[in-house]
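**Q** Chain order of the listed sequences is Z and E.
Each residue of the first sequence is one higher than the one before, starting from 1 at the first, in this note's numbering.
Each residue of the second sequence is one higher than the one before, starting from 1 at the first, in this note's numbering.
Worth double-checking, as some hints may not be accurate.
[Said to hold, decoys possible] Restraint ranges, calculated between C-beta atoms of paired labels, are given here:
(1) Z:94 with E:54: 34 to 40 Å
(2) Z:230 with E:35: 30 to 36 Å
(3) Z:159 with E:43: 53 to 59 Å
(4) Z:125 with E:51: 18 to 24 Å
[Claimed, not checked] Sample of chain E residues facing chain Z (criterion: CB under 8 Å; computed from the structure):
(5) 36
(6) 41
(7) 52
(8) 55
(9) 56
(10) 59
(11) 60
Hints are computed from structural coordinates only; laboratory data are not their basis.
Using N, Cα and C, we set each Cβ at its ideal position, and we do this for glycine too.
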Amino acid sequence: MQHAKTLNKQRVVDFFLHYAMYIILLAILVTVSIIKPNFLALGNILNILKQASTKGILALGCAGLIVLAGTDLSIGRVMGFSAAVTAALVQSVTYRSRYFPEMVADLPLIVPLLASIAVAVAFSLINGFGVSKLKMHAFIITLGTQLIAFGANCLFIEAQPSGTAQALSTFNQTFKDVAAGDLILGTVKIPLVVLYFLGLAAIMWVVWNKTRLGKNMFAVGGNEEAARVSGVNVVKTIMLVYLIAGVLYGIAGFLEAARIQSVGANTGLGYETDAISACVIGGVSFSGGVGTIQGVVIGAVILQAINFSLNFIGVNPYYQYIIRGLIIVLAVAIDVRKYIVKK
Amino acid sequence: MSGQHPRDLRGEMAQAEEAGRPRKPWRDSLYGRIKVSVATMDKIIIGLVALLVAALLLGLVTGGQ
Numbered sequence: 001m002q003h004a005k006t007l008n009k010q011r012v013v014d015f016f017l018h019y020a021m022y023i024i025l026l027a028i029l030v031t032v033s034i035i036k037p038n039f040l041a042l043g044n045i046l047n048i049l050k051q052a053s054t055k056g057i058l059a060l061g062c063a064g065l066i067v068l069a070g071t072d073l074s075i076g077r078v079m080g081f082s083a084a085v086t087a088a089l090v091q092s093v094t095y096r097s098r099y100f101p102e103m104v105a106d107l108p109l110i111v112p113l114l115a116s117i118a119v120a121v122a123f124s125l126i127n128g129f130g131v132s133k134l135k136m137h138a139f140i141i142t143l144g145t146q147l148i149a150f151g152a153n154c155l156f157i158e159a160q161p162s163g164t165a166q167a168l169s170t171f172n173q174t175f176k177d178v179a180a181g182d183l184i185l186g187t188v189k190i191p192l193v194v195l196y197f198l199g200l201a202a203i204m205w206v207v208w209n210k211t212r213l214g215k216n217m218f219a220v221g222g223n224e225e226a227a228r229v230s231g232v233n234v235v236k237t238i239m240l241v242y243l244i245a246g247v248l249y250g251i252a253g254f255l256e257a258a259r260i261q262s263v264g265a266n267t268g269l270g271y272e273t274d275a276i277s278a279c280v281i282g283g284v285s286f287s288g289g290v291g292t293i294q295g296v297v298i299g300a301v302i303l304q305a306i307n308f309s310l311n312f313i314g315v316n317p318y319y320q321y322i323i324r325g326l327i328i329v330l331a332v333a334i335d336v337r338k339y340i341v342k343k
Numbered sequence: 001m002s003g004q005h006p007r008d009l010r011g012e013m014a015q016a017e018e019a020g021r022p023r024k025p026w027r028d029s030l031y032g033r034i035k036v037s038v039a040t041m042d043k044i045i046i047g048l049v050a051l052l053v054a055a056l057l058l059g060l061v062t063g064g065q
């Protein structure tokens, strides 16, 4: 009897420790909604989803790299550069200080979208080549491309005809409608960016779960040598995962430009932290070979909900950094515990 | 080949040895060397949770200033 009680108690403790991350995050959200009941207003929820969307798209790209037991520190800066390229191409033709004064008509939106993707893919392929062919650690190569992307972005923004480094703004209406518009359902306005995020998540779910690339990605992330022996083309798999990440960063840059309406040199600063945190919270293991798309989506939304709620109840911004850092450390500690228990 | 001194073959031997030995999965490489018991990890997690709660409370108290 006593033994059964101890066993049950141990099970409860195990459950709480295993799911500590989700329990704490939910507890924070519940506490905030008790302190400020209007936190759960539909407008706030849609706002959280809207803010989570671009970072969620970045996290979808980054998650594949983490499954490969890598990482990407260049996400934010690359996305910032993509957003700047997008911004320069979608400025209103009636705006006198536009980046391309010779442009007299709005470009079809596919042009800035493809330009944004091309910029991000170029950086991502450099990262992929460094990791797969040159066997460089992802941390180092992406640190390098992060700085290169930032420098290139600063040069790009400073090269505007006005000769200043002012943020690129005043976008054409079509771009704002398509990239930052809303789907109106009765009285509810659902931001289109949320739908784009969910659509991309669905596509990525198929890629991860129903394609050979997805299976190879998990095989390489779980045990690269075993995957190689089993006939998986490791270099090709890594390059393709980086390519997909680049496409997603480019799309995120395009959408982020529309969301923030003004793109400067600092756009994207720190986004890599949010994207990587979303993956870690969503259960993508840094040890590679483990992760789900639904986890990444939930991780991105929870992380944004936490950020939003901490601001909402007026938590000191410096403490917000500490709290976010602790959440990441806690997620890793739980991952280590799961590993030890399994072993 | 037969004329080569064993010391000149050291690189090749190391390579052959490496190829024969199965590599550890990433998870083992990352966490495998951690010599911590589950009970210690529990204490670390509880400590982190306590720190998180403390940071939240301090952030709330100082945020209003």
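**Q** All hints are to be evaluated individually against the structure, with a verdict given for each.
**A** Consistency of the hints with the structure:
{"no.": "1", "hint": "Z:94 with E:54: 34 to 40 Å", "in the structure": "violated, 54 Å"}
{"no.": "2", "hint": "Z:230 with E:35: 30 to 36 Å", "in the structure": "holds, 32 Å"}
{"no.": "3", "hint": "Z:159 with E:43: 53 to 59 Å", "in the structure": "holds, 55 Å"}
{"no.": "4", "hint": "Z:125 with E:51: 18 to 24 Å", "in the structure": "violated, 40 Å"}
{"no.": "5", "hint": "36", "in the structure": "holds, 7 Å"}
{"no.": "6", "hint": "41", "in the structure": "holds, 4 Å"}
{"no.": "7", "hint": "52", "in the structure": "holds, 5 Å"}
{"no.": "8", "hint": "55", "in the structure": "holds, 5 Å"}
{"no.": "9", "hint": "56", "in the structure": "holds, 6 Å"}
{"no.": "10", "hint": "59", "in the structure": "holds, 3 Å"}
{"no.": "11", "hint": "60", "in the structure": "holds, 6 Å"}
In this structure, the earlier hints numbered 1, 4 are contradicted, and the remaining ones agree with it.
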